[in-house]
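Listed in order, the protein sequences are those of chains A and B. Residues 1 to 246 (the numbering used here) make up the first sequence, in order. Residues 1001 to 1278 (the numbering used here) make up the second sequence, in order.
Just so you know, the hints here were simulated from the structure itself, not pulled from any lab data. Heads up, a few of these hints could be off.
Reference excerpt, derived from the structure (chain B facing chain A, CB under 8 angstroms, subset only) [to be verified]: (1) Arg1028; (2) Ile1054; (3) Pro1085; (4) Pro1117; (5) Ile1131.
Covered stretches of chain B, as calculated for chain A (at least 3 residues, CB under 8 angstroms) [unchecked claim]: (6) 1047-1053; (7) 1059-1072; (8) 1141-1151.
So the derived label-pair ranges between C-beta atoms look like this [claimed, not checked]: (9) Ala1010/B - Glu228/A: 56 to 62 angstroms; (10) Gly1030/B - Asp77/A: 30 to 36 angstroms; (11) Ala59/A - Phe1036/B: 52 to 58 angstroms.
Just so you know, these numbers come straight off a predicted model, no measurement behind them. Idealized CB from N, CA, C, for every residue including glycine.
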Amino acid sequence: MATVSAYLRPATLGDALACLDLPGAVVVGGGTKVNAARTLEPVVVIDLQGLHIDGIERAGEHGLLVGATATFQRLADDARVPATIREAARREQPSTLRALATVGGLVATADPSSELLATLLVHDGVVTLTGRDGRLSVELAAVLGDGTVLAGRIITAVTVETGGVTSVARTARTRADQPIVAAVARRTPDGQRRLALTGVAAVPVLVAPTPDAAAGLEPPGDFRGSTEYRRVLAGVLARRALEGVG
Amino acid sequence: MDVTITLNGARRRVGCEPGETLLALLRREGCFSVRFGSGTGETGAAGVLLDGRIVSADVLLAAQADGHEVTTVESLNVATGELHPIQEAFVEAGALQSGYSAGAMILATKALLERNPDPDEREIADALSGILDRETGYVKVVAGVRRAAALLRGEKPAPVQPVIVEPLAGRDSAPGPSPAPEQPPAADHGPWPAVPAVVRSPEVAPTLVVGQPAPKVDALRWSRATRRSPTTWSCAGCCTRRCCEARTRTPASSRSTMPRPGPCPACTRCCTASTRAA
């Protein structure tokens, strides 16, 4: 467990932003990452559940606004959420963590193996950030690529486009394990194609929607797969995912 | 700091440290069905229901549960003293394994069946996905959940028929592959089990245990997940008195009486009373 020196549950965004100035302040959605971390440095936990930003609502004709503290379980249960995102939310964590882990926490921690993040990427995810300088909307790919944009700001929502056709291809050690490499493809209603890969970079990435998209990548190898293995997997899975969306 | 939680239906205000886990708070409050798993929420042994959803209490701060409803296994039968249908089904199906994570499995089953009275195997596996208990696998657990679902739907499932492995003809002395059985059992749960070859040593007499499945001795206690009953001690100060509580043995310890120096708590109570009466 993390060493927690204080626990705060602000009731407004203004209060929450003020809490960020405290030394050791860490924003928590469900706490599955922060609480499980074995840190010796004391942290001040800023729990966002008092802000009540856990809803899911329509945004425009083909959009969906997901509150930052919406849990994976809520995503998986909501019939308005695209099936690919629901299934990815269900696979992201086991049942005992799914009702705790939040979408905001997912974006902030940027797990490189996260299939759910890849799915949000191909659904044109846009992150809403709130800071003292006001509200800011940034593409999810940009937030994942440059985490400094989160400094001094709080993630309040993620917006996704719901239309189109999606397809997922993955390779994992077991059926329920996180994928070593996964490819998520989507064809938008106007015919454009998106392709996102996991397990090939420090964060899930959007790449050009071509079967040889992985050619220039340098995936970090680990005990689950070497650099070469992941590169080969990425090529094969990208082709399969793209074939799935036509 | 103080937190207010609705614990097993009763609203409570409890003091805690900012970094204290919900697991630690619950055990301090007497809910010993919640067990330490990993501290990272990965094993699920610390599973409790938070607002009706199964969550790992070892990765959740007690402060995060402030204002929420927390349910543990103790809530299932404290009022009635009888087994909840889910507990009953788990006992009958032999789904308790070591009992360490039985509480979490029973709660996960409760959460599942409240939303889906007739889940299929995939949904059951998903509901139990966060609870790792690899002592024997999940075949009996899934059977237990299905049995519980039937009980809660008001059905009367057939008694569990244990698969009794008969010694195979001609296999008593020579190891080797077993012939396949002609007819699988009429069980509606689980795959047809592989039949092992029974190779007996001529020096060892057949036992009465092997091949005769029976409910575990501690199954009822595990399913309730209550604290273990104190061991009955043999006490020189009171064991000759009929009135002494120390002579009343619990079923779990009926075969053993451990020596203990000095008077036991029961002796202190009843013998003092007897002395005064005399």
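Checked hints:
Annotation: Arg1028/B was flagged as interfacial toward chain A, and the flag is violated, the nearest CB pair being 16 angstroms apart, outside 8 angstroms. Interface hint at Ile1054/B: satisfied, since its Cβ lies 6 angstroms from the closest Cβ of chain A, which is below the 8 angstroms cut-off. Checking Pro1085/B against chain A: minimum C-beta separation of about 21 angstroms lies over 8 angstroms; hint violated. Nearest Cβ of chain A to the Cβ of Pro1117/B: about 17 angstroms, over the 8 angstroms cut. The hint is violated.
Of the supplied interface hints, the one on Ile1131/B holds, with its beta-carbon coming within about 7 angstroms of a beta-carbon of chain A, less than 8 angstroms. Counting residues of the stretch 1047-1053 of chain B whose beta carbon lies closer than 8 angstroms to any beta carbon of chain A gives 3, which meets the minimum of three for the stated coverage. Given a C-beta distance limit of less than 8 angstroms, the hint that chain A covers the stretch 1059-1072 of chain B holds, as 6 residues qualify and 3 suffice. With 0 residues having a beta carbon nearer than 8 angstroms to a beta carbon of chain A, the stretch 1141-1151 of chain B misses the requirement of three or more and the stated coverage is violated.
A C-beta distance of roughly 59 angstroms is found between Ala1010/B and Glu228/A, which places it inside the suggested range of 56 to 62 angstroms. Distance hint check: the CB atoms of Gly1030/B and Asp77/A are about 33 angstroms apart, consistent with the given range 30 to 36 angstroms. At about 42 angstroms, the CB distance of Ala59/A to Phe1036/B disagrees with the hint of 52 to 58 angstroms.
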